[in-house]
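Undergrad: These are the residues of each chain, in order.
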Amino acid sequence: MECADRKFQKLQEIISRHEAKVSHLIAILQEVQEEYRYLPQEVMTYIATALNISPATVYGVATFYAQFSLVPKGKYVIRVCDGTACHVRGSEPIHFALRQELSLRPGQQTTDDLQFTVETVSCLGACGLAPVMTVNGEEVYGQMTPEGVMEVLAKLRGTAQA
Amino acid sequence: MLKSREDLNLLYEEARSYIKKEDMRILVCAGTGCVANGSLKIYEALKEQIKNKGLAVKVELVDDVPHPVAVNVSGCHGFCQMGPLVRFDPSGVLYCKVKEADVAEIVEKHIINKQIVERLLYHNPVTGETFTTQDEIPFYKEQIRVALANCGRINPDDINDCIAHGGYQALAKVLFEMDPDSVINEVVASGLRGRGGGGFPTGRKWQFAKNAAGSKKYIICNGDEGDPGAFMDRSVMEGDPHRVLEGMMIAGYAIGADEGYIYVRAEYPLAVKRLRKAIADAEKLGLLGENILGSGFNFRIHIKEGAGAFVCGEETALIASIEGQRGMPRPRPPFPAVSGLWGCPTIINNVETLANLAPIILNGGAWFKGYGTETSPGTKTFALAGQVSHTGLVEVPMGMTLRDVVFKIGGGLRDGKKYKAVQIGGPSGGCLTEQHLDLPLDYDELIKVGAMVGSGGLVVMGHDTCMVEVAKFFMGFVQNESCGKCVPCREGTKRMLELLTKITEGKGTPEDLALLEELALIVKDGSLCGLGKTAPNPVLTTLRYFRQEYEAHVYERKCPAGVCKALAEYYIEAEKCKGCGLCARVCPASAISGEKKQPHSIDLDKCLKCGTCIEKCKFGAIAIR
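For the record, the sequence lines run as chains A and B.
Residue numbers 1 to 162, in our numbering, belong to the letters of the first sequence in order.
Residue numbers 1 to 625, in our numbering, belong to the letters of the second sequence in order.
Read the hints as simulated data drawn from the structure, not as lab findings.
Even for Gly, the Cβ is constructed at its ideal location relative to N, Cα and C.
You can trust all of the hints, since none of them are fake.
Label pairs and their computed distance ranges (CB to CB):
| id | chain 1 | residue 1 | chain 2 | residue 2 | range |
| --- | --- | --- | --- | --- | --- |
| 1 | B | SER182 | A | GLU151 | 54 to 64 Å |
| 2 | B | GLU615 | A | GLN108 | 26 to 36 Å |
| 3 | A | GLU151 | B | LEU515 | 39 to 49 Å |
| 4 | B | GLU569 | A | GLN108 | 23 to 33 Å |
| 5 | A | GLU151 | B | GLU100 | 14 to 24 Å |
| 6 | A | GLU138 | B | VAL117 | 28 to 38 Å |
| 7 | A | GLN12 | B | THR501 | 40 to 50 Å |
| 8 | A | ASN52 | B | LYS51 | 52 to 62 Å |
| 9 | B | LYS494 | A | GLN108 | 21 to 31 Å |
| 10 | A | ARG105 | B | GLU569 | 25 to 35 Å |
| 11 | B | ASP23 | A | GLU138 | 29 to 39 Å |
| 12 | A | ARG105 | B | GLY581 | 22 to 32 Å |
| 13 | B | LYS408 | A | GLY158 | 41 to 51 Å |
Here are the computed lysine-lysine pairs in the DSS-like style, where the Cα-Cα straight-line distance is at most 27 Å:
| id | chain 1 | residue 1 | chain 2 | residue 2 |
| --- | --- | --- | --- | --- |
| 14 | A | LYS155 | B | LYS616 |
| 15 | A | LYS155 | B | LYS97 |
| 16 | A | LYS21 | B | LYS277 |
| 17 | A | LYS73 | B | LYS273 |
| 18 | B | LYS273 | A | LYS21 |
To be clear about the criterion: a stretch of chain A counts as covered by chain B if any three or more of its residues have a C-beta under 8 Å from a C-beta of chain B, and this derived list gives those stretches:
| id | segment |
| --- | --- |
| 19 | 17-26 |
| 20 | 121-133 |
Generate the whole structure from the sequences, applying the supplied hints.
TA: Right, dumping it as structure tokens:
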């Protein structure tokens, strides 16, 4: 139980910082997700109570926006851009190579060991470098090739072991 | 703290004097593209090595160093394909594709011995011509930069640098020389139209908001930019954030608002960071907050990070999102200019629209109208991407032809591909063919042919692109992004995607084609908001200009471009294959096998038809049937 208490304490801090304002719901969810890497159900219920709105409202917002995830994500979130520019310059083979290398089943986004999550996004806004992928939203890899994917994964696995 | 216009002018003079003391200014591009290619390492190495050579280095504008070499990071220079870019002022020399290893040579040769490092200059791959300065390069030569004027020229993190380049002068002019009506009149006179896509006259929108009842009003800067294939707003926010803030304040003064929100995509962390710093710096100087420059005008700006929903580009959906709800649009009227954020009159302007305001105020509406066409004045930024040689960010006068943009600025198609189409305006826009190459790019001309300027994404496609697949790609996107509130959009786009999928799988019938067209028109007419109303455009334009491709899929069960998986078969011509094994190594699906020095073969069950092998094969041995 101690663990759960601590969890809610952090959560309460975030909510208090936003003065429990309903208009800050999205920002609250963003910060909470940053903390837990996803939105656990009990957390959403807690937020609903704290903001004095229905859990359905919180759930409605959480499921509406692409950024929110209701299931845990991996340590490394790899986003393959499938914007128009990347699409016509071959984002699909990159996506395929990633999924194959990580042995993801159809519909599965996160590896069983919670190390990697593979997603496609609509546009990362680096079209000049198409095709593009990012790791954890920070490292941007431009002009990717399926071979390049292997190198990046090898690098990440290396750091994962270290 | 600046307390008056005189204070601002004094700071301007002081900042200019610091620039005059610089012997040389080096600008390392720190746009997203160049950073991804390691430009920040180049920046660090430059600083380090210049210092090691005993030269005086200046990092901040106000560092008081005699005869310094100033090393700065800057926003996007636009020439993304050739990045990382390093520009030298005042000479204007531009080095392309610079690597960390080149820094020593640049320092030794260029900075100390004042010689040009030839090999890092831009070389035209076709003519072999070499260009020393940025302005001579064809990519830049045809451009006119208004909104992007300071992108790549200033350090976006340094407010002093911004002020030295004329930042906040337009705000001062507005506050001390103009009343709100004359500001609006100037913008009306400029003919500026909303750069986010719709193209509604900005000045007229402001008039509505100014005349609307209520003492509390808001300005919203739309930096959501959800269009796949577009990145101009990102570049402006990252490269010249103060220009955006200044534009918001000018708009605020004009309509009587004292508060503003910037709605930025969460996928743009660098833009958020730079905007936050810009706001904090401006507040510290007193350029934001209470009684700005002693004028009595108050303005505050908040940042709201979006959470990933294309529909939030729609004004009413964006407002709902700022209020903390699902980003769903509502019927208009009432328009946000009358009843917007929390029921107050609200103006939503796109980033690029706001970036045009300061130059319009400083130079006058008539000056702005001197560029562009009669009904679409000014310049427009386009994100040039796809199969074009020089991808990047360009700003051209409205009315320039597509041919000039693609071939003069973009340098034509890459890898010897043949021009097939451009997709302009993202999911709301359309695909234009060869016959439109001489079409002037302006709002009205594009609407006439079924496309739209949109936010300015311009994706060039080569002969190996299947237009049916492209239409399916966009339909998949809008189907995914439809908020689901109205039936035509929710159900219509879903059915259209099903039909397109059926056609690309070779199962389409002539009736499906007719139904697709009918549905497209219904979704266009019946949807509630701009997303649904424009969603069928890619389908309608491809049906109009590339109908024979649809028909090939339906009647001949063939994909002429060899893209659609169910219809194309890749095979290796045994007599041409040398058995080098390169194709097998690059194949992401491990579908190619064969003995060394023996003709290889493709396992069609595994083949993705991605074309990687065709591109890599040196002997032209792989073909599609």
